[in-house]
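Visitor: As you go down the protein sequences, you meet chains L and X in turn. Each residue of the first sequence is one higher than the one before, counting from 11 in our numbering. Each residue of the second sequence is one higher than the one before, counting from 711 in our numbering.
For the record, the hints were derived by calculation from the structure and aren't laboratory data. None of the values given here were measured: they were computed from a predicted structure. One or more hints might be untrue.
[Claimed, not checked] With a straight-line cut-off of 30 Å between C-alpha atoms, the simulated DSS-like cross-links for lysine-lysine are:
#: 1; chain 1: L; residue 1: K109; chain 2: X; residue 2: K1262
#: 2; chain 1: X; residue 1: K909; chain 2: L; residue 2: K348
#: 3; chain 1: X; residue 1: K1377; chain 2: L; residue 2: K391
#: 4; chain 1: X; residue 1: K956; chain 2: X; residue 2: K1126
#: 5; chain 1: L; residue 1: K378; chain 2: X; residue 2: K1317
#: 6; chain 1: X; residue 1: K1062; chain 2: L; residue 2: K350
#: 7; chain 1: X; residue 1: K909; chain 2: L; residue 2: K381
#: 8; chain 1: X; residue 1: K1377; chain 2: L; residue 2: K133
#: 9; chain 1: L; residue 1: K295; chain 2: L; residue 2: K52
#: 10; chain 1: L; residue 1: K205; chain 2: L; residue 2: K222
#: 11; chain 1: L; residue 1: K133; chain 2: X; residue 2: K1126
#: 12; chain 1: L; residue 1: K43; chain 2: X; residue 2: K817
#: 13; chain 1: L; residue 1: K146; chain 2: L; residue 2: K174
#: 14; chain 1: X; residue 1: K1134; chain 2: L; residue 2: K144
[What the hints assert, rightly or not] Listed below are several chain X residues computed to face chain L (Cβ distance under 8 Å; list not exhaustive):
#: 15; residue: N1070
#: 16; residue: E1130
#: 17; residue: R1198
#: 18; residue: D1265
#: 19; residue: F1268
#: 20; residue: S1378
[As the list claims (entries may be wrong)] Computed beta-carbon distance windows for the label pairs:
#: 21; chain 1: L; residue 1: D67; chain 2: X; residue 2: L1281; range: 54 to 60 Å
#: 22; chain 1: L; residue 1: P286; chain 2: X; residue 2: D1116; range: 34 to 40 Å
#: 23; chain 1: L; residue 1: K350; chain 2: X; residue 2: Q884; range: 17 to 23 Å
#: 24; chain 1: L; residue 1: T168; chain 2: X; residue 2: W1261; range: 33 to 39 Å
Just so it is clear, CB atoms sit at the ideal spot from N, CA and C, and this is done for glycine as well.
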Amino acid sequence: MTNDLRCLILILYSLFLSSVAPAQLQKIYLHPKAAGTDKQSKFIDSIRFIPLEVQGDVELARFSAVEVTNNYFIIKDWINKAILVYAKDGRFVKKVSFKRIGEGIYPAYDERTNQIVFFGNNKNYALTPKDRIKIKLDWNNPRNRKYYKKYIIDLGDTSFAIKKSIPRQNDILHARYFYDDLYSMGEINTSELYKDSLDYEFKIYKNDQLVKGYFPYNRINEAKFLYKEENVSVVSTDTPYIHFITRPYCDTVYKMVRDSLLPGYQIVLPLENSLPASFFTRPLKNKTDRDNFDRNNGMMLHQVYAFYDAPRFIYFLMGYLNNYEYYIYQKQTNTTYKVKNIKPDSTQYNLSLLDDYGITRKGDRFYKTQKVGEILSFFEKNKNVPVPKELESFIKSNPPATAPIIIEYKLKN
Amino acid sequence: MDAETKTPLELATITVFGQDSSIVSYKLSDKNGQFTFDNLPLKRKLLVSVTYTGYIGFNTTFQQDAPKTDTLAVQLALSNKDTVVVTAAIPIKMNGDTLEINPAAFKMKKDAVVEELLNQVSGITIWSDGTITVNGKKVQNLLVDGKPFMGATDPRVATQNLPKSAIEKIQLYQEFDRSKIGQPTLPKDSLLTMNLKLKEGSKKGYFGKAGAGYGTTDRFETDLSLQMYNKRSSAGIGGGINNINKNIGNLQEMFQNNTYRNYNPNLYNVGRFGTNGINKNHSFGGVLVHNFIESSNSRQNDRLTINYNKSGSNAFITDRNIQNRTALDNPQFITDEGVQNTLQNKHDIGIKYIKTNGYNDNLDINGTVNTNNENGHSNRSTEVRDSANQLQSKNLTTTVSSQRSDNESLNVIFGKANDEYPIKGYSVQLNGSRSNTVSERETVSEFESFTDASKNAYNNRHYSTNNQTLTLNGNLEYTGLKRLLLGRYNLFGINLTLGQWFNYTRSTENTVVADYDTVFKQRFFNDGLTNYNKKEVFEYTPSLSFTKNIWKFGDTYFRSLYLQFKLLDDLKNDRNTSSFDKRNLDRSFQFFRYEGSLNYQWAKRDKYRYYGSVFYSKRMAYPSIDQLYTFVDDINAYEIRIGNPNLRNSIDHSLNLNINYNTENKKSLYAVNAYVNGKYTLTEDPITDSIINDPSGKRSYYLTNADKTNNINLNYNFNISRKLNKDNIQLMYRGEFRTGKQPNFIDGITNISKTGSLLNQFTLQYSVGSILVFTAGQTFQLNKNRPTAPGLNSFQNNNSTTKLGLVVNYPAGFTLSSTADRITNSNLKKPTVLWNAFASYRFMKQQGELKFSAMDLLKQYQNISNSVNAYGTTTRVTNGLQQYFLLTFSYYPRKFGKTEFKKQ
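The shape of chain X in the complex, shown without the other chains:
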């Protein structure tokens, strides 16, 4: 209040400091000069500072020992001085369209990373899945000095590694979405971007992690991640080897999983008990990013990224599948067991170059080369029983396989828009890829029927396949068509785009199959399966697109409607050359089709935003040569596939629905976002199976056309968070609903298999500052299958998982955490519990970490999963990790600028 006139002062800054000068909370007074602080810490001496430009500041200290409401009346007198001395940094301010956060205004521990700082800023929510929202809007781009950090797409590599002390300011603004070049843009199309501006002295540095651990039952893990950067370049290496199913398949994942943050460690980046089998994974790679220009904004890019990664795994999986399968008058109960050993080695090289001069052009070149070697050995045994539990048949299979492949691809995107010369607007996308696969497979199968011994079969078959594929395709979109045809005429604001899409695919396959004759004790070529096949497909689709954008601004709202209608003409030529005469086909097709979309947006300023879209498309497909004239291979007696030369073309109609909602209320303590995504597909004349369950137990699949199929997929979520001073509570819900009607023929009976699945997942997270993070979650899943034909049986299964997680960061340097998952399954007699516990201690000036992991303390975990398809339900149980204890030491080398952060 003004001391002289006794009138309230609006927008006075009231800041509550702790004794260490750290900001406990801050507020601006309202129009009535009033302000309220909730949940201030008890039994702690606090300083209240009230400042207002032109007035003498007011400071006082106080301490509350018990929860109560207190009132502070402050009268400020005008300052007679000509100058005002600003003594405290402003935490947040708007600079034009940019929200700027000043890290210096937040006093935190010396090793705090950017994410911990963001957690303290009102309006910013770090969701438990890593998503960052600002006033309800999701941050879609994270840049460091205007550039992607380490070439990473995941913001956490920057926010969980860079120390707060290295950041000059954090900027939040809307960035143009470059993929929309030449197209009318809507506010929805702009990307909320967070830019971390480094201090001048911190524009070069390095950070990383090197860790190794060893435990009981010979479990071990090693992790390496080292990243360095300067003004123009950044480089990183990463690697690891483990036998605890920890996924380290690519470099970005390793960078993400080895960040410095520890106040809320990723409790699921440990040995993965849910993974099938025991996997020994290894990976090593590096990435180099160089910017040829020094630009601190993202309009201009001239950047080369090179990465290399060598990875591999040695997997040992034993599994047992229990399947309820519908068959006429006699459902089948199938038990399928296997032991599988797979050895995989991969090399991946990627080169990416991006150059942009502004928001009107874009050149993006992406090249990849990879090689993959895979060797496998498996033994499977299958038993099929009837409803009276009588054994109908069984099959034993042994397979030894090896495969070597190499793939190369090049993708070029170039787009240009020109406001001055709209006739020159276009975008081009060119893709080329080549692959070569050589594989050898030897399968020995022994089928035994208990109902018809004459159908017993023994096969020892060797397959040698060489496949080469070349694909070239391109898409040209010409946005200057309206100007070219109509000159200056605006055509009621409708934009025209001419599209030219082409694709050429050549696939050559040489397959040699030989059977071992037990009588002659030698192999003979199998003339029915040995073949040469060359398939060439040329596709060309011209298209014409009409778009119109209508929008309206109001005092407090914005709404827009974007309509698109597209006409397409698919011209296709499919020429197949084969060593089998009947497969020598030269077919041509022309499909005229159309698609359309409608996007609607409604935003209430500083309140909320809705976004909805509907997209309809129609596509035609013709049957492939392998569906018309299939090579009938009876090596798997339970899946003998037979083609049909009379198959008809099918038509797909799909309707996609997308609805988004998020709050954008800066003053609200709550942040809410939700979405619903849905897809309805109707297929006319779909290709489906006619299954004959032979009395002997063999199963044949004949391809045929049905009348129609339809499927509905819905997935939806709802997230809400609330700030409680420095604490945060979040509730996240995710659901999935799928239902489908798949017509088929089972044992000559016309049937429609109705399948359905439902998933509900809830996660609740409560964080008490940086001290404690508590997580609770519940997942329910239900699968069911119901055939409509009389005499066929319905099946269903379900499972649920309850998850609890706790992280305690106390005392300083110590982190204790634990997770417990209780799993129930309709095919398990009693629930199992997976209980893991961890203790870690950071020392060596916060750069060394010793961590003890105790996994599956109750020693009762089982890997079990459920699924459903048109023919029944399946429950799968595999081997996996069992109880182990692991001690890991990690060192975090870190230096930002000339001096290490710890000395700052």
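Bound-form chain L, shown alone:
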């Protein structure tokens, strides 16, 4: 039984159980070895520079990313354990260090509460995957709360103070706001600790009550999920109540309108990148065999992530068993390009805007942080190229080369 057929059966099963509407499946043909190459200006336009107010001690770290909130740009600097808060006009607001929180706890933006949330393990405890399941199953026991730590920064409070918070069940379940008063959960794992074998890959909750489950699986011994934790990926779209849902080991991208699920796209891969039928039926013996299978079949399908459907292009991340790769699919020519092969060109100031790392999308806009030095250097060497208006006064202020700047752009419509 092929992977495609298996997915199809699961889809039909879901149709039976849930209110999944039938729809036309659009196919995206992807040949990883023969993905196309081209210049960046073919895919990107509407580049806008957002100069940030220069602060003496603020430098852009190698690993950082920008988060766009209602009122601020938040630059998360993982290396130096700090977040930099800038107003939307680029004015510097505050640098908040989170070094005191300790190792392994990093910031994430919660749009619903307008908070920066730090949630992670209490470093005083070392937890195994089995421990986590035990704690999850016995969360009502207050003693189990000590294993996790949670801090928040309320972005509505201009002091931006880091406040200690109590970890909640939603935090350990990695539940996230879905729409209205609903939460979604897409964490998948298997364990003999579960008494009831039925679980769903994707679930919608209202308060603590399960509203609807999609894609049932056996959470004690489902072959494909043994010895590895998986997650359903949920991506918001520009339209309220519409999400894209992708599942592990499935090449179908589902479109979800409120709680109605329909298959939207199928990533069609060559046979050599498809999972063998035995993967779904024959359980691997242990975690080592699982790791070896992933390693030995590093380019087989794992999951689609970060699916963004723009008018002319589709931007997505393909997770293979042991590799990741970003692609852009051009709808008009049915061509898939590997982002790594897309080269920046001089019409876009030689800036590499489609890196693998550090890019944030908010609606139809992409945001990326950049060291000022590279931009200064470009205009220094190319005096014939006009400086964009929004950068003129900034460049004249002679900013330090390591200061950050934010670049906003769109996929071409």
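Fit chain X to the given chain L structure using the hints.
Guide: Only chain X this time, still in chain L's reference frame:
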């Protein structure tokens, strides 16, 4: 530059090709669109290709007839085509964490081996000692299709044999060090691994060498090496016989010394003039490696390696030792001369099995069996003179000996780590070995004193010894202790390991000694030396280890600190059973001790890396039964050893220091690496000698305790190489410094013998492509001994060697090479020069080789070496090879895949 906007293009590929499409050099343009090529060949038509994705490529030809700086301005226009056709292979690219080298992008001669290709890759340095570094980091593992090649640990067996044309790609990545299973790992612990991925059509093949040579003074050599492989198995046989002191003792060495590479032949894999005596060596063996699984990565292994080797030697050594020996008020000048003939025959069988399923488990079983037969005959004469050159005593000794031994050992290592069940993490090591030695020795010694004739002695003594030893030991390390004791509590990130080490040794020796009575003309048992002895030692050491790892990543740096502290309790029981009552001892000891280490690492991304470690340990030792109650044998009048039942336990404190530095700058033409290793040892209550130089000339050694000894050993090196286009220059420096204070008693006087030695060695190598390799080296060595007691004398000696080597590979197929070593020694009146020259020609489609060797052309070589100990300095001169000429023919059978490489 972009033709439309006139803006620079970064990362455009600029490649310079020769007329034969070979890559002369390649560069990527910088942020300003600029690129520079240095040292392009003159008077040669070259093609420059400039490509950039999405743009129409630019090609032009040029030729420079004289050295000058030229400028090329290129404007590229955007391509309107939807597709880009890649016409040239990319030489190097990063694929995730793996650096991949594409051999197809390098046009080289058809028979070029992998090492020649690596020499062409920027960032890779092949050092003159065979070490390979990539951007300054040493390659520690070389795999072929994810597996060790032919079971070899030396990468050169693969890189100097496999042709470039058989390789699909060369991958470089960091590999987990399996010996660290269950322990916290640091970046330093990962091993830089080079994996040669064979082309699908080259996954089976064979290669080797068969050579024979004959020369003047009946010198001869033969070499055989044949290796074959397929996807799962590899096998090799090797052998040889020679009388030119060429070392062919084990199979891996024979494989290494008979590789196909010839652009830089090992000029010192020839008759070894530095070896003592004339040795006729022979060896023959085979190795079989079979992989039970077909895996192209090194996570999974299921491999059996079997090897057998038969080797032997017939050595004839004449030597003359000149020793300056300190003695109270009257230093001794000792001349010791000997003629020795030794015949040795060995059989070695080894079986090794390794199985791993991932990086969390490891099963390694290693078994060896060997037998050794040795027969020897020696005559020695020793003369001792005083400072006025008056003969004090002399001794003549004749020894005939034979020894037969067999040894068997089994070593099992098993380790398992489990992230999901940390309580189940452990590693076990079990060793068992047994040996049986039977020896017969007959020594006739005649001591004559010129100061006290009453001490003259004649001994004709026969020793018959049977020794059996059984050793069983094991070590269990339990890494799940923290989880077991503390559950989920993390104990501030400190890891606990419980160690359990045990050892049982049983050694049984039956010695029968008989003296020949010249009066009765028959042998009588020597009751003072004939004995039976059985020694059983049981040792058990529980230990508790605390480790903590602290690290920090920065934008451009990484630093880490790893701390370890270990508490150990040594429990020992030593029971000795002997036919001599006083040697029947049952002793028990308990020593509580501790050790600790600190490892620090500092790396600046793409710049350099420092690594430093300090390790302190404390150990206690008790005197052995043979030190307490020694069998006093006066067969050697100059070394009569007498025990001491009042000896005390000694305590060793040792401090080890290790510092490493290497550059990791991918853009730099220079590669630098250096290390300093040091060890300081302080021993409290050490067992030392109290020497009595009897007026008759006899010398007795009484064992006693001293206050303390200390020793410092330092060794250090510094290597730097620079790429000059396709040329390479390397400077390697190595130094050693040793100093020690050894307390002793000489003729009743309390003394501290201060010894020191210093070695400095420089090697410079300059390679001009594959055409010429020039090597120059200089070694200085100084030894000295200084006693502190008044009336004792100081001595020192020194030597230096200047080495020159030249290899010229021109015209095609011909290799001319030569080495010259100029040796000076403080005990030689004038320097000697060893000049060797070689000429070889490869023909029969590069598979046949005729080589002419002319050794010691100046006919003046002498084997001479210096050494130092607590009692003086020694200069040793032995016989050795003398001038000879040798003509050798070698054939290299080679086939990779279905077709031979020469047709590819």
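Visitor: Of the hints stated earlier, which fail here?
Guide: 4, 6, 7, 8, 9, 19, 20 and 22
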